[in-house]
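Engineer: Make a model of the complete structure from these sequences and hints.
Now for the letters of each chain:
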Amino acid sequence: MSKLVRFAADILYPVVLIFGLYIVAHGHITPGGGFQGGAVIATGVALVIVAYGYREVTQWIGKGGLMAREVVGLLGFIGTALVAFIFGMPFFYNYLAGQGGLFGVPVTYGPNPGELNTGGTVPLMNFAVGIEVWGGLALVILYLLSGLVPHDDHEKEGS
Amino acid sequence: MILEFVWTHAPALLVAIPLLGAFLCPVIGKISRTTRTAWVAGIMLVSAIVAFILASRVLTEGTVLYSFGAFDPTLTIPMDSGGIPIRIIFTVDAMSAFMDIICATVGFSAIAYSLSAESRNSGLEGYYTLFLLMVCGVFGMVSTGDFFNFFVFLEILSMASAGIIAYRVDGGVAVEAAIKYFVLSSVGAIFVLFAIGIYYGQYDALNMAVIASRIQWSTLDMIALVMLVAALAMKCGAVPMHFWTPDAYSMAPSSATAFLVVASQASLYGLFRVLFTFYNVTLNAATMGWIIIILGVLSMVVGVTMAIPQKDVKRLMAYHAVSQTGYMLLGVGVGLAVLGNQPLMESFGYMAMSGGVFHILNHALYKGLLFLTAGAIFYRIGTRNLNKMGGLGHNMKWTMIFFIIGALAIAGIPPLNGFASKLMIYESVFIFNPVLAIIAMVVSILTLASFVKVFHSIFMGPQLPEYAGVKEAPPSMLLGMGILASLAVIFGLFPDLVVTTLVNPAVHALTDQGAYIASVLGGA
Amino acid sequence: MLWNLPYLAVVIITVIGLAAILLKKNLIKMMLGINILQSSANLFLISLGYREGGIAPIYTLAPSTHMVLPTPQALCLTSIVIGLATSALMLSFAVIIHKKYGTVDLDQIRRLQG
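Just so you know, the sequences run in chain order A, B and C. Quick note: the first sequence, position 18, residue 18 per the numbering used here, numbers continuous. Quick note: the second sequence, position 264, residue 264 per the numbering used here, numbers continuous. Quick note: the third sequence, position 73, residue 73 per the numbering used here, numbers continuous.
Any given hint might turn out to be false.
Claimed, not checked - Here are some chain C residues pointing at chain A (derived, C-beta under 8 Å):
#: 1; residue: L61
#: 2; residue: V81
#: 3; residue: L91
#: 4; residue: I96
#: 5; residue: K99
Unchecked claim - Over 12 Å on every C-beta distance to chain B, these chain C residues come out as not near it, computed from the model:
#: 6; residue: L8
#: 7; residue: I58
#: 8; residue: S64
Stated by the list, open to error - Derived pair list, reagent style EDC-like, types lysine to aspartate or glutamate, alpha-carbon separation capped at 16 Å:
#: 9; chain 1: C; residue 1: K24; chain 2: C; residue 2: D105
#: 10; chain 1: C; residue 1: K29; chain 2: C; residue 2: D105
#: 11; chain 1: B; residue 1: K453; chain 2: B; residue 2: D312
#: 12; chain 1: C; residue 1: K100; chain 2: B; residue 2: E125
#: 13; chain 1: C; residue 1: K99; chain 2: B; residue 2: D170
#: 14; chain 1: A; residue 1: K63; chain 2: B; residue 2: E125
#: 15; chain 1: B; residue 1: K30; chain 2: B; residue 2: D170
#: 16; chain 1: C; residue 1: K24; chain 2: C; residue 2: D107
Since the hints were made in silico from the structure, they are not lab data. Just so you know, these numbers come straight off a predicted model, no measurement behind them. Just so you know, even glycine gets a beta-carbon here, dropped at the ideal spot from N, CA and C.
Structural biologist: Listed below in structure tokens is the structure:
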């Protein structure tokens, strides 16, 4: 793509990233959450791929790193749920809510301006899902592209 | 201590362990082959143990409830919820425990088998991740008490299955089979979602027990029933929509095929759950029962007639799977047709249903076994074409013995397990309608004829020169087949053992709608 | 009768989706049909939770009027996520099919027979 497009992508990518992180972080008090935020970030990756082309981008982002992100996200999600067993509580029990500390501020009743430091394990799971979707969707885009790159001699015979 | 922990949290662990195993698989796979093998086998073994502990708890204590994220796992209705279960609840009654046991047994055998069957392929992290996700999907589908959750696990299962069918691209043919399977299951799942919407709109609930307690048999309920029966019958491979089965079963790797049989039976479980737990006597039992019976008879006849001319051994077995699904539908359909009429239920209804439900277990055992033997033959000689095989009995003695056990069991020859359940179906169906019983017997004879032909062309005859160096299948494959074969023999010799401890409680859990509702909502 | 319009739209979209799945010969178009069907299910769920004059169920500085029911929206979100995974998997199947068979015409993707 032209220099103009690359320049615009350079500027837009951090903005998209921050917007995605904002959606992930506010997932428990506004519409949105891990999946939506992660999807927004993955569109940022798609934007960079459009601007710089498949070959160049794969030199910066390895599939291994994205796969690692996916695994970390999934493990974070199920790990957060599993930690409840340590407290002797059922699976997915929200052991952080209302305890003070991280995400532990009790929620006030009725309409409120939206306290970010609430929600217990929900924001943690949103972050985990956000990371997972970021890695997963970017990986999907890369794999779909790798199937479509026309003269890719090392993958010609198929896997 | 640890036993007590598992005892309390078994329903959650049932889903959590395979999920954790699946997610960690790519990481563990990076270390070395042996660790990955140990990890996968260990995870499956632990899940199977948890499933058996859960089943023993269900059979001693009655229905086990588990509310996710609640203060106390048995707290189904929170104080401030107004008497409605708001959380995702796992309701494991005897029928669910029965399906859990099937999934655990076949899953463990298939994993043990795949350890050497798949060892020649690359990209095994993905394969085992998908396999464990399938295990998680089946466990979730059969244990959940929340209908939307059922849909989510159904989707997990069909996505993982589609991935595993297409896993060996095989010149694109496997992908073609996967597309067929996946398009059908996506459309089916969307109709399940529509039905969920209809229930939610009418009864303000997603929990199965609440829906069951409020169901009224309105026009919308009829539409929802039609959608669910169509979608789930399609997923379990009953006849009008069976055409994905031969493709998907023949193209998937053999160990995965054995588990795909269980996966389609999880859909069958969903169908029975909808018919008996949701509607029970509110629906027009005779009409609906006859619809299920006709589906069953069509599946039996069409499946077996399509199977006879097949050249590909796995395709042939897949058509037999369609035919055997018909027996389950027939048995349970007869039970449904006389539902609500207690004297008739006592005289043959319960027995027909026990036969149908017992056949689910038996089918999973012998059909899994047959697919595994077909995979072992394919592993050694590299073809599935029956015309190119011959004389393998000289080299693969154990595989031959296991094949004989499987083939005789599927044809319903005593003293194997297929006979035990088929006898129950024949006896009870004969009282209900003799013609149906005769059709069932004829189908059995055709099945036997078909398998005699297959046996002859694979194992009999002089040793062919091109297969002179063929060796017996590796030990871990024999272990997987051996577990299933020995269970098939044991269940055939002592059917009463299984029928009284597992099958009859499962049947009574299905028919007794009130008990299911009371276990979740409490009281009457 | 006006409040039944969304359900009418659901029926129309369902028919369009099913027609695309059954009649289109192009693999990609058939997959789009599944996506259309998925959207109709989502629309159905959303319209179930609608209340006239209701506001979005967000408590951040919410005025004290009726809210629409949030549960169908949560179900719908889950269904969208599943729909995304479905389309990704199907598109990757289509890519492989196109690579191996050189076509996405359903009449020519028929190597499994019998």
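Engineer: Hint by hint, note whether the structure agrees.
Structural biologist: Each hint tested on the structure:
1. Taking 8 Å as the C-beta cut-off, the interface hint given for C:L61 holds, the closest approach to chain A being about 6 Å.
2. Checking C:V81 against chain A by beta carbon gives a least distance of about 5 Å; that is within 8 Å, so the hint holds.
3. The beta carbon of C:L91 comes within 6 Å of a beta carbon in chain A, closer than 8 Å, and the hint placing it at the interface holds.
4. The beta carbon of C:I96 comes within 7 Å of a beta carbon in chain A, closer than 8 Å, and the hint placing it at the interface holds.
5. Checking C:K99 against chain A: minimum C-beta separation of about 6 Å stays under 8 Å; hint holds.
6. Its beta-carbon lying about 15 Å from the closest one in chain B, C:L8 satisfies the requirement of being farther than 12 Å from that chain.
7. With a closest Cβ-Cβ approach of about 19 Å to chain B, C:I58 is found to remain outside the 12 Å limit, as its non-interface label requires.
8. The Cβ of C:S64 lies farther than 12 Å from every Cβ of chain B, with a closest approach of about 20 Å, so its non-interface assignment holds.
9. Taken as a hint, the C:K24 and C:D105 pair is honoured in the structure, with Cα atoms around 9 Å apart against an allowance of 16 Å.
10. Pair hint C:K29 plus C:D105 holds up; C-alpha atoms about 10 Å apart against a cutoff of 16 Å.
11. With a C-alpha separation of about 13 Å, the suggested pair B:K453 and B:D312 falls inside the 16 Å cut-off, and the hint holds.
12. Distance restraint check for C:K100 and B:E125: the Cα-Cα separation of roughly 24 Å exceeds the 16 Å cut-off, and the hinted pair is therefore not satisfied.
13. Between C:K99 and B:D170 the CA atoms are separated by roughly 12 Å; this keeps the pair inside 16 Å, and the hint holds.
14. The hinted pair formed by A:K63 and B:E125 meets the criterion: a straight-line CA distance of about 15 Å does not exceed 16 Å.
15. Of the pairs offered as hints, the one joining B:K30 and B:D170 is violated, with about 25 Å between alpha carbons and a cut-off of 16 Å exceeded.
16. For the hint linking C:K24 to C:D107, the alpha-carbon distance of about 10 Å falls within 16 Å, and the restraint holds.
In this structure, the hints that do not hold are numbers 12, 15, in rising order.
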